[in-house]
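Undergrad: Sequence:
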Amino acid sequence: MNRDSRRVGTFAGSIRDDIRYGIRMFVRTPGVSLIALTAIALGIGATTAMFSIVDRVLFRPLPYANEARLVSVGMMAPLDSNEFMFAGEYFNLHRDHGPFDAVSTFQAGAFDCDLTSQNPQRVRCLRMESNFLDLLGVKPAAGRWLNAGEDKPGGPSVVLISYGLWQSRFHADPAVGSKWIEIDGASQAIAGVLPKDFEMPTLTHADVIMPLALRSTETAGRALRTFALLKSGTNVMQAREQLRAHFDEALKMVPPQFRKEVSLSVRSVRDRQVGDVRLASLALFGSVLAVLLIACANVATLLVARAASRDREMAMRAALGASRPRIFRQVLTESLLLAITGGILGVAMGYALLRIMVSLAPAGLPHMDQAAVDLRVLVFAVAASVGSGVLFGVAPALRKSTLALIGGWRSTAGGTWLRSVLVTVQIAVSIVLLAGAGLLLRSLWNLQQAPLGMRTEHVLAMKFVLGKASYGEDVRQIAFFSELEERLRAIPGVEAAAITDSLPPSGGTRSRPLATIDVEGRPRRPEGTGGMVAWRFVSPGYFGVLGVPIVRGRGFSETDRDPEVHPIVVSESLARGLFPNENPLGQHLLKTSRGDWFTVVGVAGEVRNAGLSQVAQPEYYLVRKTVPDATYGNQEPPTGWRAATAVVRTSMDPKLIAGSVRRTFAALDPALPVELETLRERLSDNLQRPRFTAALLMSFAFAGLLLAVAGLYGVVAFLANQRRQEIGVRMALGATPGQISAMVIGYAVRLTAVGAVAGLAGAMLLSRVVRSMLFGVGERDPLTLVAVLGILALSCVAAAWLPSRRAARMNPIDALHHD
Numbered sequence: 001m002n003r004d005s006r007r008v009g010t011f012a013g014s015i016r017d018d019i020r021y022g023i024r025m026f027v028r029t030p031g032v033s034l035i036a037l038t039a040i041a042l043g044i045g046a047t048t049a050m051f052s053i054v055d056r057v058l059f060r061p062l063p064y065a066n067e068a069r070l071v072s073v074g075m076m077a078p079l080d081s082n083e084f085m086f087a088g089e090y091f092n093l094h095r096d097h098g099p100f101d102a103v104s105t106f107q108a109g110a111f112d113c114d115l116t117s118q119n120p121q122r123v124r125c126l127r128m129e130s131n132f133l134d135l136l137g138v139k140p141a142a143g144r145w146l147n148a149g150e151d152k153p154g155g156p157s158v159v160l161i162s163y164g165l166w167q168s169r170f171h172a173d174p175a176v177g178s179k180w181i182e183i184d185g186a187s188q189a190i191a192g193v194l195p196k197d198f199e200m201p202t203l204t205h206a207d208v209i210m211p212l213a214l215r216s217t218e219t220a221g222r223a224l225r226t227f228a229l230l231k232s233g234t235n236v237m238q239a240r241e242q243l244r245a246h247f248d249e250a251l252k253m254v255p256p257q258f259r260k261e262v263s264l265s266v267r268s269v270r271d272r273q274v275g276d277v278r279l280a281s282l283a284l285f286g287s288v289l290a291v292l293l294i295a296c297a298n299v300a301t302l303l304v305a306r307a308a309s310r311d312r313e314m315a316m317r318a319a320l321g322a323s324r325p326r327i328f329r330q331v332l333t334e335s336l337l338l339a340i341t342g343g344i345l346g347v348a349m350g351y352a353l354l355r356i357m358v359s360l361a362p363a364g365l366p367h368m369d370q371a372a373v374d375l376r377v378l379v380f381a382v383a384a385s386v387g388s389g390v391l392f393g394v395a396p397a398l399r400k401s402t403l404a405l406i407g408g409w410r411s412t413a414g415g416t417w418l419r420s421v422l423v424t425v426q427i428a429v430s431i432v433l434l435a436g437a438g439l440l441l442r443s444l445w446n447l448q449q450a451p452l453g454m455r456t457e458h459v460l461a462m463k464f465v466l467g468k469a470s471y472g473e474d475v476r477q478i479a480f481f482s483e484l485e486e487r488l489r490a491i492p493g494v495e496a497a498a499i500t501d502s503l504p505p506s507g508g509t510r511s512r513p514l515a516t517i518d519v520e521g522r523p524r525r526p527e528g529t530g531g532m533v534a535w536r537f538v539s540p541g542y543f544g545v546l547g548v549p550i551v552r553g554r555g556f557s558e559t560d561r562d563p564e565v566h567p568i569v570v571s572e573s574l575a576r577g578l579f580p581n582e583n584p585l586g587q588h589l590l591k592t593s594r595g596d597w598f599t600v601v602g603v604a605g606e607v608r609n610a611g612l613s614q615v616a617q618p619e620y621y622l623v624r625k626t627v628p629d630a631t632y633g634n635q636e637p638p639t640g641w642r643a644a645t646a647v648v649r650t651s652m653d654p655k656l657i658a659g660s661v662r663r664t665f666a667a668l669d670p671a672l673p674v675e676l677e678t679l680r681e682r683l684s685d686n687l688q689r690p691r692f693t694a695a696l697l698m699s700f701a702f703a704g705l706l707l708a709v710a711g712l713y714g715v716v717a718f719l720a721n722q723r724r725q726e727i728g729v730r731m732a733l734g735a736t737p738g739q740i741s742a743m744v745i746g747y748a749v750r751l752t753a754v755g756a757v758a759g760l761a762g763a764m765l766l767s768r769v770v771r772s773m774l775f776g777v778g779e780r781d782p783l784t785l786v787a788v789l790g791i792l793a794l795s796c797v798a799a800a801w802l803p804s805r806r807a808a809r810m811n812p813i814d815a816l817h818h819d
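In my numbering, the protein residues as written are 1 to 819.
Because the hints were derived from the structure by calculation, they are not lab data. None of these values were measured; they are calculated from a predicted model. Be aware that a few hints might be false.
Unchecked claim - When the alpha-carbon atoms are kept at most 16 Å apart in a straight line, the in silico EDC-like pairs for lysine to aspartate or glutamate are as follows:
#: 1; residue 1: Lys625; residue 2: Glu485
#: 2; residue 1: Lys625; residue 2: Glu457
#: 3; residue 1: Lys625; residue 2: Glu483
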């Protein structure tokens with residue numbers, strides 16, 4: 001036991017000696033140490049910051065006790081980008097759970113509602129089945145959840161409120177379960193409070209949860225989001241197979257011609273939340289890991305170079321009896337000490353980078369606002385630091401062990417091949433990063449230059465929802481909209497004004513399958529939806545305000561608001577699809593509820609409604625009339641008549657009339673919340689996500705390039721110094737400074753060429769990963785690759801220029817006497 005204790009004490013003492021000696025070595029070579037620490041800190045900092053984000057998106061447990069078994073289930077069809085069920089289909093699943101222990105649902109889409117008691121406030125409301133929160137496995141912060149008796153048609157008026165609403169309006173009163181809240185003019189009892197960290201599986205925000213109160217007679221027209229709890233031992237694939245019979249039965253409710261375009265979907269909550277963000281997150285995380293790899297190779301290059309100057313020291317140690325493992329441990333200890341110190345600096349840098357990323361991140365990225373440098377991230381940073389220390393410490397440690405075995409007393413240029421390999425790796429990885437960043441930048445440029453089909457300058461948009469309590473009657477809604485149009489047109493500087501229910505791009509337009517659009521005298525499509533057709537209600541000034549061209553016929557006029565006339569304007573692509581060899585003007589389509597046909601009065605230019613990265617959808621426009629709309633008047637926003645966007649075109653900067661616009665709304669209704677934005681701002685918002693991804697990847701790519709150039713410079717400078725005697729001989733035999741300079745630069749060019757070839761091969765393979773993130777550019781775009789090679793060539797010349805100049809100015813006599 002005493003012998004073991006002495007061995008442990010001896011080993012601990014030797015480790016302390018290694019650490020002390022390593023610190024002395026850092027102090028003795030401050031230049032090398034500072035450069036290495038900077039490289040490590042940059043690599044660890046960028047990786048830590050990006051891991052903080054990716055961890056929240058892809059790896060961190062979701063705030064549901066039943067996350068592992070929680071799935072989204074339903075049908076996927078062209079009319080919706082997520083799973084949905086109609087009420088009748090849901091009742092069938094509710095009666096026979098199949099592969100699930102439990103199922104629950106809520107109504108697709110939150111809607112605006114007003115707290116009309118003290119301090120009126122616009123909030124987001126959502127209708128949910130009473131067992132939904134139990135299905136998630138979450139507990140109330142106060143009070144209780146809804147019960148089954150409260151979730152029936154005609155049941156008691158009871159709601160749940162969010163943690164934020166509990167804090168702001170009820171001051172976190174634990175007895176909130178005995179209080180009432182007035183919503184849209186009706187008093188509702190508060191049952192409980194959602195947890196502080198609560199989030200819907202769909203990431204839909206809701207301030208107030210209301211009972212869904214499904215009627216058993218409902219079979220269609222009410223789209224539901226359905227979630228289920230898998231039985232123990234059942235996975236997603238098995239559940240999908242077991243639901244096949246149920247799905248086949250549900251397909252009977254789908255018109256026969258559409259059935260081939262409908263599929264069954266069962267997927268985890270995380271898969272549903274992440275969607276297309278997964279690829280961007282993995283691409284960015286891969287890029288920072290590549291930067292870390294370059295940083296490690298850079299530090300390894302520095303340490304191998306420094307090892308050459310310690311050949312005699314290692315030979316002396318070997319001669320005095322130091323074993324290979326002992327020398328290996330000493331060098332590896334120095335590397336780990338360097339890595340851990342750099343890692344500490346990197347965590348501080350990562351915290352700063354994360355704050356910058358979060359502040360610049362666009363809205364809509366899941367869990368981005370929750371990213372933080374917490375214990376989990378710190379553990380990752382420590383692991384990355386230690387792993388990096390081992391990675392860049394092994395090469396010089398192995399080399400030194402070999403030199404110690406040799407026991408040589410003379411400094412040599414051994415290890416040059418290893419440094420060359422490390423620099424080649426840095427260049428290759430930099431090429432891959434630059435190629436990926438270049439493709440995304442080209443894609444972003446194409447998005448910004450893509451024709452929108454409308455004029456975005458000098459347009460101000462105002463989005464609002466009329467409160468149900470104040471505007472529940474059709475006549476009051478119509479009066480408000482009529483007065484608003486008139487007052488907006490009267491504002492000085494306003495050239496035109498209009499009202500619409502949605503606004504491109506990505507304005508959430510209504511849509512319907514092409515196959516459901518009847519044309520007078522023609523049969524419907526025999527099979528398939530034919531794709532989706534967007535449509536919207538607009539007032540007569542809409543086309544003039546947005547500058548949407550009318551290529552044939554005319555736009556809407558005030559006379560078109562007559563209840564007895566039914567005009568329709570179609571887009572060019574819809575006109576081509578419905579009337580390929582005919583004049584669309586005067587054609588009849590879309591029967592009204594009274595059996596009248598809409599008449600095509602004009603053909604409008606194409607507008608990108610589905611977002612900048614999508615092709616223009618076929619579209620049609622109906623005029624907003626000054627009479628009640630039987631179909632949409634009583635629907636909940638955002639599909640109902642109370643939700644609208646007013647747009648005005650001005651002769652000046654739109655922001656200059658924002659004050660006048662707000663005063664106009666206040667004069668009509670002082671309590672009505674209004675969101676103002678210019679159309680330019682709306683367009684910029686649509687570019688935020690691709691701009692953010694491209695900017696991050698470009699930053700990481702240039703960081704990697706700088707590290708690679710620094711590594712190339714170090715190797716070339718070291719080689720020139722090691723070959724001083726050779727250079728002296730060459731110069732004594734008549735070599736000119738230009739020839740010496742060309743020799744040094746030639747070495748750098750060869751390294752760069754090998755790295756470029758390897759990098760281009762890697763870029764060709766990995767470019768397929770970002771294929772779905774590109775717009776208007778091929779994954780092997782020659783312009784991007786040529787630009788990347790040009791940047792690399794300039795960087796190579798810049799890295800080799802100074803060492804070559806020093807070599808060319810070398811004194812031959814001094815060089816020949818160099819030892």
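Undergrad: The structure should be examined with respect to each hint, and the outcome stated for every one.
TA: Comparing the hints with the structure gives:
| no. | hint | in the structure |
| --- | --- | --- |
| 1 | Lys625 <-> Glu485 | 13 Å, holds |
| 2 | Lys625 <-> Glu457 | 28 Å, violated |
| 3 | Lys625 <-> Glu483 | 14 Å, holds |
Violated hint for the displayed structure: number 2, the only one.
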